[in-house]
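Protein sequence lines, in the order shown, are assigned to chains A and B.
Just so you know, this note's numbering puts 218 at position 218 of the first sequence, and the rest follows in order with no gaps.
Just so you know, this note's numbering puts 96 at position 96 of the second sequence, and the rest follows in order with no gaps.
FYI, nobody ran anything at the bench for these hints, they're computed from the structure.
The C-beta atom is built at its ideal place from N, Cα and C for all residues, glycine as well.
Hints may be right or wrong, so weigh each one.
Just a sample of chain A residues kept apart from chain B, beta carbon distances all over 12 Å, derived [what the hints assert, rightly or not]:
1) His81
2) Val169
3) Ile188
4) Glu247
5) Leu271
To give an idea of the interface, some chain B residues facing chain A are shown, with a C-beta separation under 10 Å as derived from the structure [claimed, not checked]:
6) Leu5
7) Asp8
8) Ser10
9) Arg34
10) Val35
11) Thr48
12) Asp50
13) Pro51
14) Leu57
15) Phe92
16) Pro125
17) Glu184
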Amino acid sequence: MIVIERADAVLIQDRGRSEFADQGVPVSGAWDRERYEHACALIASPGAAVFEVLAGAFRCTAEISTTVAVVGELPTGAVGHSWRLNAGDRVEVEAVRGPVYVALAGLALPLTLGSASSDLVSELGPPRVEVGARFSVGEPVADAVLKSSRSTGAIGYLGSAIPTQWKVVSQSRSGTRLTPVDPWAPTISRSLPSRPMLPGAIQIVSGDEIIVLGPDSGVTGGYQVAGVIASADLSRISRLSEGEVFELVQIDPVTAGVRYERAQRFSVLRLAV
Amino acid sequence: MKAELFGDRSILITDVDSPVELLDAIRSSLPSMRVRAGIDALLIEGLTPDPSLQSQLVKVEAIVNSAARVERATDADETRIAVRYDGPDLEFAAQQLKTTIDDVIARHQQTRWRVAMLGFAPGFPYLLPITAELWDVERLATPRSRVPAGSVAIAAGMSAIYPTAMPGGWLLLGTTDFSLFDAEAMPPATLQPGAVVRFCSTA
Numbered sequence: 001m002i003v004i005e006r007a008d009a010v011l012i013q014d015r016g017r018s019e020f021a022d023q024g025v026p027v028s029g030a031w032d033r034e035r036y037e038h039a040c041a042l043i044a045s046p047g048a049a050v051f052e053v054l055a056g057a058f059r060c061t062a063e064i065s066t067t068v069a070v071v072g073e074l075p076t077g078a079v080g081h082s083w084r085l086n087a088g089d090r091v092e093v094e095a096v097r098g099p100v101y102v103a104l105a106g107l108a109l110p111l112t113l114g115s116a117s118s119d120l121v122s123e124l125g126p127p128r129v130e131v132g133a134r135f136s137v138g139e140p141v142a143d144a145v146l147k148s149s150r151s152t153g154a155i156g157y158l159g160s161a162i163p164t165q166w167k168v169v170s171q172s173r174s175g176t177r178l179t180p181v182d183p184w185a186p187t188i189s190r191s192l193p194s195r196p197m198l199p200g201a202i203q204i205v206s207g208d209e210i211i212v213l214g215p216d217s218g219v220t221g222g223y224q225v226a227g228v229i230a231s232a233d234l235s236r237i238s239r240l241s242e243g244e245v246f247e248l249v250q251i252d253p254v255t256a257g258v259r260y261e262r263a264q265r266f267s268v269l270r271l272a273v
Numbered sequence: 001m002k003a004e005l006f007g008d009r010s011i012l013i014t015d016v017d018s019p020v021e022l023l024d025a026i027r028s029s030l031p032s033m034r035v036r037a038g039i040d041a042l043l044i045e046g047l048t049p050d051p052s053l054q055s056q057l058v059k060v061e062a063i064v065n066s067a068a069r070v071e072r073a074t075d076a077d078e079t080r081i082a083v084r085y086d087g088p089d090l091e092f093a094a095q096q097l098k099t100t101i102d103d104v105i106a107r108h109q110q111t112r113w114r115v116a117m118l119g120f121a122p123g124f125p126y127l128l129p130i131t132a133e134l135w136d137v138e139r140l141a142t143p144r145s146r147v148p149a150g151s152v153a154i155a156a157g158m159s160a161i162y163p164t165a166m167p168g169g170w171l172l173l174g175t176t177d178f179s180l181f182d183a184e185a186m187p188p189a190t191l192q193p194g195a196v197v198r199f200c201s202t203a
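Next up, chain B with everything else stripped away, as it sits in the complex (with noise of 0.2 Å):
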C-alpha cells in the first residue's frame, strides 16, 4: 500500500487489496473523515488544509496501515440479478473472448461478482469478478452516444449495470429491470460496495 497527498484534503491510497474489505475498520477509526473505496485503491477525504498537512497524512496512514479486514457480504447475501440477454454487443464479446455468444451468457451467469466500487453515476455498480474468470475485453473503439438505463456491460475485466441513459463504451449483453438508485431510499444505491451479485436470465 502506498499513502500519498491527493490535494489538500483528502489522502489516495493506492496498491490495496479488496479495498472495500477495509472501509468498516477505517471509517470506525476516522469517524469525521469520509471513505471511500476503489477497484485498488482507497480516498479518504477530510484533511484539514493546514500547514500540518503531511503529519495528518502520517496519522491517517497509520490507521489505514492497522486496520483489520471486515468481509462485507458473504455468498449468503448474494443479489441476484435477472438479465434479458439480447445486447448488441454479445457477438463483439464472444469474438474477443474466442468463444460462442451462448457460453459468454453461461460465464456471465456463473461468475460471481462483488462490487468494488460506485462511481461514473449514482448507484453504478463497477463488479469485479469473485471467481477467477478472464473477462478481458476492449471497450468499444467508439463509445456509444446514449446507452439504455438497465444495460448489464462487460469491459476491462469488470461487468457493470447503468442505472439511468447515459454515454459509454462497455460491451452490452443486455438488460435488466433491476432498480439501482433511490434517492429516497437511505443508503439510496441498492448494491452497496462489497455486495455480491450473481446474473441470471429472466423467466
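Here chain A stands alone, though its shape is the one from the complex (with noise of 0.2 Å):
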C-alpha cells in the first residue's frame, strides 16, 4: 500500500471514457495525454490509473517496495523518470506549469464506465485524493529514463482563421477561457443546434472569450466552434497558467499529422531490475 500525507489538488486518471461519449458521458482522462503516456511507459503500464497532481503539492508514503514513476514540472525543472521505492520511502512533487503525473506500479483501483478516472463534473469516478487515503501497488518494475523532444511556440489548430495572441482568463478541466490581446469582433451565428463536441473544440463565446474544452466538458455543445486544436498539441494547452499569453496558429491537415508523428517519437530507457 501507499499512503497519501498531502495532495491540494490531485485526481486519479487514466485514458478515459471516450467509448462512451454517445450516452453523453464526458471523455475525462488525463488532461496532458503526453506526460501521462510517457509517464505510464516509464512504468511498463500503458492504460494504467496514476495521480494527477493539477496544482500544489502531492507528498505520499510507500509501505512496500514498487515503482514510481514522475512526469512533469517541478519547481526544479522537467522531470521524466522512475525509480525503486523500498518500505518507508516518500515521494514528494509540487506542479507548476501543468499537471505533474506520479505513476506507481500496480497501482489497482475500481472502474466506472471501464475507467478510473474522477470526473468531478459527472460524479464519475473515484472523489478528489484525499490525505490519509491508502492505495494498493504492485511489486518493483525497472527504473527507467524518458527521452522525448518538447514542442515549442505556438500551438496549432485545424479551422478558421481566428486571432493569433490569447490571454488565458481560466483554466480547469472543464474548459480553458481565452481573451484575444488585440480587439475582436467575430461574426456570430446565434441559432446554432447543439453538436457533438469533443475535447479541443475552440467555441467562440463571444469577442472577448473563447473555451477550448477540456477532457471533463460536456460532449455537446451549442456554441460556434473555430475549429480544433492539433493532436500533437492539445496537451500543451493543459499546461498554461491563468494571465499568460500565447499563441494559436491555424495548421493545415498535413501539417497536423507531421506534428503528431513527430510528437509519438519518444524512448524510454531502462536502466536496472
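Relying on the hints, combine the two individually framed chains into one complex.
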C-alpha cells in the first residue's frame, strides 16, 4: 500500500471514457495525455491509473517496495524518470506549469464505465484524492529514463481563422477560457443547434472570449466552433497558466499529421532490474 | 450533407436529416471508429492524425453517403414517462406559446418525441418532436444555477430531462422520477439515441 500525506489538488486519471460519449458521458481521463502516456511507459503499464497533480503539492509514503514514475514540470525543472521505492520511502512533488503525473506500479482501482478516471463534474469515478487515503500498489519494475523532444512555439489548430494572440482567463479540466489580446469582432451565428463536441474544440462565446474544451467538458455544445486544437499540441493547453499570453496558429491537415507523428517519437531507457 | 475534418482525429458531417437513422449502418461499416449523432450532424471520431487525413476523409464521406437509414425505434417501442406538471416556468411557457398552461401540458403529452442525441450531462436526452408541433420557446434570459434532478424542460423546439442537478436555462414544466442514467448498466443511458418518448401525468 501507499499512504497519501498531502494532496492539494490531485485526481486519479487514466485514458478515460471515450467509448461512452454517445451516452452523454464526458471523455475525462488525463488532461495532459503526453505526460500521462510517458509516465505509464516508464512503469511499463500503458493505460494505467495514475495520480494527476493539477496544482500544489502531493506527498505519499510507500509501505512496501514498488516503482514510481514522475513526469511533468517541478519547481526544479522538467522531470521524466522512474525509480524504486522501498518501504518507508517518500515521494514528494509540486506541480508548476501544468499537471504532474505520479504513476505507481500496479496501482489498483475499481473502474466506472471502463475507467478509473475522476470526473468531478459528472460525478463518475473516484473522488478527489484525500490525505490519509491508502492505495494498493504492486511489485517494482526496472528503473527507467524518458527521452522525448517537447514541442514549443505557437499551438496549432485546424479550422477557420481567428486572432493569433490569446490571454488565459481561467483554466480547468472542463475548459480553458481565453480572451484575445487585440480587439476582435467575430461574426457569431446565434441559432446553432447543439452538436457533438470533443476536447480541444474551440468554441466562440463572444468577441471577448473563446473556450478550448477540456476532458470533463460536456460532449455536446451549442456555440459556434472555430476549430479544434491539433492532437500533437492538445496536451500543451493543460500547461497554460491564468494570465499567460500565447499564440494559436491555424495549420493544415498535412502539417497536423506531421506534428503528430513527430510527437509520438519518444523512448524509454530501462536502467536496471 | 457536408463532411469536413473536425480537428485531426474526427469528421463532422452537417446538414444531415435524422442523423440517428444513419448510426447503425455507419457503425457497421466503420467498426474501429466512434460515431455520434447530433440534431443535424454526425461526428465520426477515430481518424489517424497522419499526413493522409484528407484521403481518410474522402473514404469516410463515401461510406456516409451510401449508408442505409434504419429506424432505431418505432411507436411500438415508445417509452412512457410520468411527469408531475408542477414546474416554475409553466406560465412563462404558456405566455411564449400564447396559450394556457393546460394547453402547454396537453401539447407536451400529445407530442411524440425522439431522442436526437445524449449530451450536456451523462444520459441527458435531447428530444425532438416527431409530430410537427411548434415548441419554439426561448431559454430563460438568466440560466438557473441549479436545476433539480428529474426536471422536465422545453426550449428551442425541444424537450429534455435533467438526469442530475445542474445549471440550466430551459423552461421547467415539471419533474419525473424516471431514472435516466446508471453507470453500472450497459448501455448506461436509459433512453438511447433514436428512442421514442411520450409524456403522461403522474396518477
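Here is what the structure says about each hint:
1. His81: Given a closest Cβ separation of 28 Å, the condition holds.
2. Val169: Answer for Val169 of chain A: holds, closest chain B Cβ roughly 19 Å.
3. Ile188: Holds, because the least Cβ-Cβ distance between Ile188 of chain A and chain B comes to about 16 Å, which exceeds 12 Å.
4. Glu247: Answer for Glu247 of chain A: holds, closest chain B Cβ roughly 18 Å.
5. Leu271: holds, 32 Å
6. Leu5: Status holds, d = 6 Å.
7. Asp8: holds, 4 Å
8. Ser10: holds, 6 Å
9. Arg34: With a minimum Cβ separation of about 7 Å from chain A (threshold 10 Å), the hint on Arg34 of chain B holds.
10. Val35: Because about 8 Å separates Val35 of chain B from the closest Cβ in chain A, which is inside the 10 Å limit, the hint holds.
11. Thr48: Status holds, d = 8 Å.
12. Asp50: holds, 4 Å
13. Pro51: Cβ of Pro51 of chain B sits 4 Å from chain A, so the hint holds.
14. Leu57: holds, 8 Å
15. Phe92: violated, 20 Å
16. Pro125: holds, 8 Å
17. Glu184: OK, holds: Glu184 of chain B within 10 Å of chain A, min 9 Å.
When held up to the earlier numbered hints, the structure conflicts with hint 15 and nothing else.
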